[in-house]
Amino acid sequence: MEQIEGIKEARDILQAIVKGKKTFRMYPQNNPIYVKTLEDSYAKFRDFFDYKEKFVLQIKHNSISYDSEQIYYSDEKEDNLALFFFKDGLRELTFKKGLLQEELEEFFKIVAMDFDREVVDDDIVTLLWEKDFQNIQYVVDEAVLVDLDEEDYETKAEEELKEKVSDVDELMKAYAEGFKEEDVKGTSIVPITEKDLKMLEREMEKDSSNRIEKLADILFEIIYQSESKSDFEDTFPFLKDSIKFSMKQGNVYIVLDIMTKTKEVIDDPLFPEDSKKYMRKLILYAGTDEIIGLLAGLLDGGVEIEEKVFEGFIESLDKNAITPFVKFLGELKTIHARKSVIESLIFIGKKDIQALARGLDDQRWFVVRNIIYILRKIGDKRAIEYLLKTVKHGDIRVRKEVIRALGELGGREVIQSLRECLDDLDVQVRIAAVKAFGIIGSEVSKKIILEKISDKMFKERNFEEKKEFYEVLSKWKDEEIINFLMKVLKKKTFFGRAKNYENRACAAFGLGLLGYKEALPILNKYKNSNNKNLREYSYIAIKRIEHGQ
Numbered sequence: 012m013e014q015i016e017g018i019k020e021a022r023d024i025l026q027a028i029v030k031g032k033k034t035f036r037m038y039p040q041n042n043p044i045y046v047k048t049l050e051d052s053y054a055k056f057r058d059f060f061d062y063k064e065k066f067v068l069q070i071k072h073n074s075i076s077y078d079s080e081q082i083y084y085s086d087e088k089e090d091n092l093a094l095f096f097f098k099d100g101l102r103e104l105t106f107k108k109g110l111l112q113e114e115l116e117e118f119f120k121i122v123a124m125d126f127d128r129e130v131v132d133d134d135i136v137t138l139l140w141e142k143d144f145q146n147i148q149y150v151v152d153e154a155v156l157v158d159l160d161e162e163d164y165e166t167k168a169e170e171e172l173k174e175k176v177s178d179v180d181e182l183m184k185a186y187a188e189g190f191k192e193e194d195v196k197g198t199s200i201v202p203i204t205e206k207d208l209k210m211l212e213r214e215m216e217k218d219s220s221n222r223i224e225k226l227a228d229i230l231f232e233i234i235y236q237s238e239s240k241s242d243f244e245d246t247f248p249f250l251k252d253s254i255k256f257s258m259k260q261g262n263v264y265i266v267l268d269i270m271t272k273t274k275e276v277i278d279d280p281l282f283p284e285d286s287k288k289y290m291r292k293l294i295l296y297a298g299t300d301e302i303i304g305l306l307a308g309l310l311d312g313g314v315e316i317e318e319k320v321f322e323g324f325i326e327s328l329d330k331n332a333i334t335p336f337v338k339f340l341g342e343l344k345t346i347h348a349r350k351s352v353i354e355s356l357i358f359i360g361k362k363d364i365q366a367l368a369r370g371l372d373d374q375r376w377f378v379v380r381n382i383i384y385i386l387r388k389i390g391d392k393r394a395i396e397y398l399l400k401t402v403k404h405g406d407i408r409v410r411k412e413v414i415r416a417l418g419e420l421g422g423r424e425v426i427q428s429l430r431e432c433l434d435d436l437d438v439q440v441r442i443a444a445v446k447a448f449g450i451i452g453s454e455v456s457k458k459i460i461l462e463k464i465s466d467k468m469f470k471e472r473n474f475e476e477k478k479e480f481y482e483v484l485s486k487w488k489d490e491e492i493i494n495f496l497m498k499v500l501k502k503k504t505f506f507g508r509a510k511n512y513e514n515r516a517c518a519a520f521g522l523g524l525l526g527y528k529e530a531l532p533i534l535n536k537y538k539n540s541n542n543k544n545l546r547e548y549s550y551i552a553i554k555r556i557e558h559g560q
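Here my numbering runs 11 ahead of the position in the sequence shown, where the first position is 1.
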């Protein structure tokens, strides 16, 4: 696809999003206009993905760009799609090839919400996260998220600026009047402002932090100078209190410093083992409900923790911290906090897969899904036996995530469960299963997909699902697959011709993905077919083969 064509199609898609946002707000789901808008919009995406792997939008305050080219601009405060995304922290929005019509519909439902007027507890970012779209991704700038309960941030910024200007004016006025007064008749009492109180609070916190740091240094100096076990016993409760107090104050760097020094004592061969047990208890204390709960509160409250400090603290924890982290994962309110805990569990979870897997028994679907995601990221095959128990979970989002995890982990033990998922009642689960087989990429996987496509009942499935199966099948670039696709492409029937045409169109699509040049003569013949699907996908396949796309 030429760049100019790509920009034009990108503009068309963005206009479809704008139209979808308005239509979904105005019309009910069963209205013909609603249905047509969804179908037309999805068709634009589908055509785009015939040439491209993803559609990425960069979002600024009043503009949206594709491929560094501005394709949308508005300086209005109402009906401004860019501002609608931007004010909730969205900075990039990506639609991936494989996007389902159901996903696009759910996306339209979210953007159609009137967050200023409707009673909505969440923002657009939270709603996108909860939907767990497989083919819609986004980048969020959490630092500038606007609280939905506050005024428009532009208005607020203007007011703050005016307040600052007013303060300067008042200061200059007082300065000038000071010179006019010849006699000082008395000292005026200046009331303490809210700003003064906050400044005092910060200074007090800073002072207390310095004191705790010094205390910790003294305690470890005592430990290094100790001559008996009793010195460890005496310093232990003070070190515990220092960890607790510092975490309460949000001074995670002090906690990390204590943990680092504790590790040094444990690793020092000069210290006796019976004394080191207190240091090991201190490491375990840092991973208790009490301390992890305080950390969770800091994360949920938006307290900034330096990335290296946070990572260092997580790395210092023992496996006992897994259970508290799983517990608080289900209680956190903000996306930023959940992400931080998830990343923490990806690191710590490696230390005890069984303890982490207990989170799969949680009654909340989102906790289960997140634990599956964590196990998938860890990539330890020992997790398979626990993951297999969630394949028939009642929530589709959980089933999709576990199927993806099983596909990435692979192994003989996952094959049968994934095979059963190919016949799931939900189309998204079936598509997730065939993609998982594609990731495994074994000969067994290939044969299972071939058998499913060859099944008589497979032709009754909708066209988009069949296309997904054929796309996965094209990952095997061998003679068996080429021969199969050529056979399907040439097949003609008298009965059930509409469904057969769909199969032939899918085969043409697959040959295009394979880049099989020998298929060009027959594809050129079918690009003039009376059947729309066969005609379109033959043309697309020709383009792919000729341009090597």
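Be aware that one or more of the hints could be misleading.
Unchecked claim - Okay, derived cross-link-like pairs now, DSSO-like style, lysine-lysine, Cα gap no bigger than 30 Å in a straight line:
| no. | residue 1 | residue 2 |
| --- | --- | --- |
| 1 | Lys288 | Lys251 |
| 2 | Lys470 | Lys458 |
| 3 | Lys392 | Lys107 |
| 4 | Lys63 | Lys392 |
To be verified - What follows is a list of derived Cβ distance ranges for each label pair:
| no. | residue 1 | residue 2 | range |
| --- | --- | --- | --- |
| 5 | Ser237 | Lys350 | 24 to 34 Å |
| 6 | Gln365 | Asp245 | 42 to 52 Å |
| 7 | Lys65 | Lys458 | 52 to 62 Å |
It should be emphasised that the hints constitute simulated quantities derived from the structure, not laboratory data.
Just so it is clear, CB atoms sit at the ideal spot from N, CA and C, and this is done for glycine as well.
Problem set entry | Violating hint indices (sorted, rising) | 4, 5, 6 and 7
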